[in-house]
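Engineer: Read top to bottom, the protein sequences are chains A and B.
Position one of the first sequence corresponds to residue 75 (our numbering), numbered consecutively onward.
Position one of the second sequence corresponds to residue 2 (our numbering), numbered consecutively onward.
Read the hints as simulated data drawn from the structure, not as lab findings.
Heads up, a few of these hints could be off.
[To be verified] Covered, in the sense of this in silico footprint (three residues per stretch, anywhere, with C-beta under 8 Å from a C-beta of chain A), are these stretches of chain B: (1) 154-167; (2) 185-197.
[Stated by the list, open to error] Simulated crosslink set (DSSO-like; lysine-lysine; CA at most 27 Å straight-line): (3) 14/B with 46/B; (4) 405/A with 189/A; (5) 200/A with 405/A; (6) 405/A with 192/B; (7) 189/A with 140/B; (8) 192/B with 46/B.
[Stated by the list, open to error] If you want the ones that stay clear, here's a sample from chain B, every Cβ over 10 Å from chain A, calculated: (9) 43; (10) 90; (11) 127.
All C-beta atoms in this analysis are idealised placements derived from N, C-alpha and C, irrespective of residue type, glycine included.
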Amino acid sequence: MPETPVIETDSEHPGCVRLSGDWIVDRIADLQARVDQLRGPVEALDARGIERIDAAGAWLLVRLAQRLEMDVSAIELEGEHRALVDTVARAEQHEQVGDTVREPGWRRFFGAIGKLITDGGSHFVKLSGFLGLSLAALVRIAPRPRQWPVTATIHHMQQTGLNALPLVALLSFLVGAVVAFLGATVLRDFGAELFVVDLITFAFLREFGVLLTAILLAGRTASAFTAQIGTMKSREEIDAIRTLGLDPVVLLVLPRLVALLIMLPVLAVAAMVAGMLGGLTVSVTSLGIPAELFLSRVEETITLRHYLVGLIKAPLFAMVIALVGCLEGFKVAGTAQSVGERTTSAVVQCISLVIIIDALAALFFMEIGW
Amino acid sequence: MVSEIAISIAGLKNQFGLQVVHEHLDLEVARGEILGVVGGSGTGKSVLMRAILGLRPPQAGRIEVFGHRVDERAGSRDWLRRHSGVLFQDGALFSSLTVQENVEVPLKAHFPDLSHSLRRELALLKIRLVGLSDEAAPKLPAELSGGMRKRAGLARALALDPELLFLDEPTAGLDPIGAAAFDQLLATLSKALGLTVFLITHDLDTLYSICDRVAVIGEGRILTVGPLDEVETFDHPWVQDYFHGPRARAARKGTT
């Protein structure tokens, strides 16, 4: 059983403090409180009564000696404890670097804002550079079909395209149904329920089809790209690729980029069809618009232009998702934590960029009157 | 009161599927000594350490640490956890925590009542004891060199002031100068803190410079154990190759 540490002043020599008991880490909180209470002129520390002592106890002893402005060697100790106390004393006096001065709160606040802005700027530069690097690699290997990473591209087309199809179709169908209900609620007051058809077709052909697909892929695919490449980076596989004389951009980025460039428009078309089917279902079942009427209305109002306005954004979104996903993967530095952080960052950036680009495009097409 | 035997292993058997790693393995480690454990790859040095630590239940045998039996009973490892420290091969520092926080983890787990500042001070003390400067404390493991990571891992292993220290190849991956410095640090600390050290190593320099006794694992058991000069002369092909190969001669020359 550990013996209670004792700190007592010698009754015969008032300047001499006797220490005994167990000075070990189990007792450290209690001990520290009592050591701190020790006041008054102390001329000598007699620690020969200490039964057991460990580094934590020795540290307290050294601290006590420092506070009393005594030399550690002046503490009276059992011989077997001397080495430990000396080692701890040496470690303590090694370099007492003062605590780093903390900046005041307002400076840190403005500093954080500044860092955010410069980081954002340098990130934009990096992303543009990465785009250029990828395009250059694409152009470089274009005339050499033997170097095309065909297998990897098809693998990623399946992963990011085919496997995502059911999810994209289901979600678009549901959003289509919701838009139909929403439109009907407003338009019923004007007796213009038939215009629900215009609403759905316009919304899905021009915006929702491609936007929903892009947002889904930003969550599903960009995160996967970052995690895949990030894990490779942290295991030095990227460096291995380079030392083997291969180009990680050709090997890792191009297959993903090309796969998305091909598959995102395909998925977007599927989303348009599914969304309009969702609207059709709601129209037929609860709005009283027969399917023939729905379809003939679609034929009357919709021109090819609306479809193209939607689809033209698909390659742009594909580029953003693939490039941001891959670039964030390359930014991973070593740790598991870093992979997580970069993945989050990739998804957030992709979704934000997709929505911003979509908004700008909508504005542009409205201005040119398409 | 306190036994002079730190670790006592009797009749240990470890088996993975059909592959028997240890059979009838007996070993005793005396209090306060540094025991070097050597053996070829795949002879189960790490498995032995994991068995002693209770990380992997053995198929048979009895393991006692300072008279406390380690087995599958709930709570049988609590004493061991509190009184032993482990340095894994690459430090096994938690990558999301700073060095300082890494060292504080065991303190937090075993002494939740410690005040924040006291815990901080104790962790800093351990960081200084292993020869790291205070600037290393707020760094993440990824920002440290291999040698510093090892030292930080040692600081975490020492956080609870253990009596028993387990080291798995502490000098692997260090340059010779760094390895020699680490050996010296281990020797100094184990003496000052009164540690019993169970040290797995391939490094002949480590064996010659700091180990009190050496145990050789092979053929599923301890082939021989004793002071270096006795073990060197043990008649077994692997032991002869190991201690009388070109590298061993160089290491011996360095110490004598």
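Engineer: All hints are to be evaluated individually against the structure, with a verdict given for each.
Structural biologist: To see whether the hints hold, each was checked on the structure:
{"no.": "1", "hint": "154-167", "in the structure": "holds (count 3)"}
{"no.": "2", "hint": "185-197", "in the structure": "holds (count 6)"}
{"no.": "3", "hint": "14/B with 46/B", "in the structure": "holds (13 Å)"}
{"no.": "4", "hint": "405/A with 189/A", "in the structure": "holds (18 Å)"}
{"no.": "5", "hint": "200/A with 405/A", "in the structure": "holds (11 Å)"}
{"no.": "6", "hint": "405/A with 192/B", "in the structure": "violated (45 Å)"}
{"no.": "7", "hint": "189/A with 140/B", "in the structure": "holds (20 Å)"}
{"no.": "8", "hint": "192/B with 46/B", "in the structure": "holds (24 Å)"}
{"no.": "9", "hint": "43", "in the structure": "holds (24 Å)"}
{"no.": "10", "hint": "90", "in the structure": "holds (17 Å)"}
{"no.": "11", "hint": "127", "in the structure": "violated (7 Å)"}
Going through the hint list in order, the structure does not satisfy hints 6, 11.
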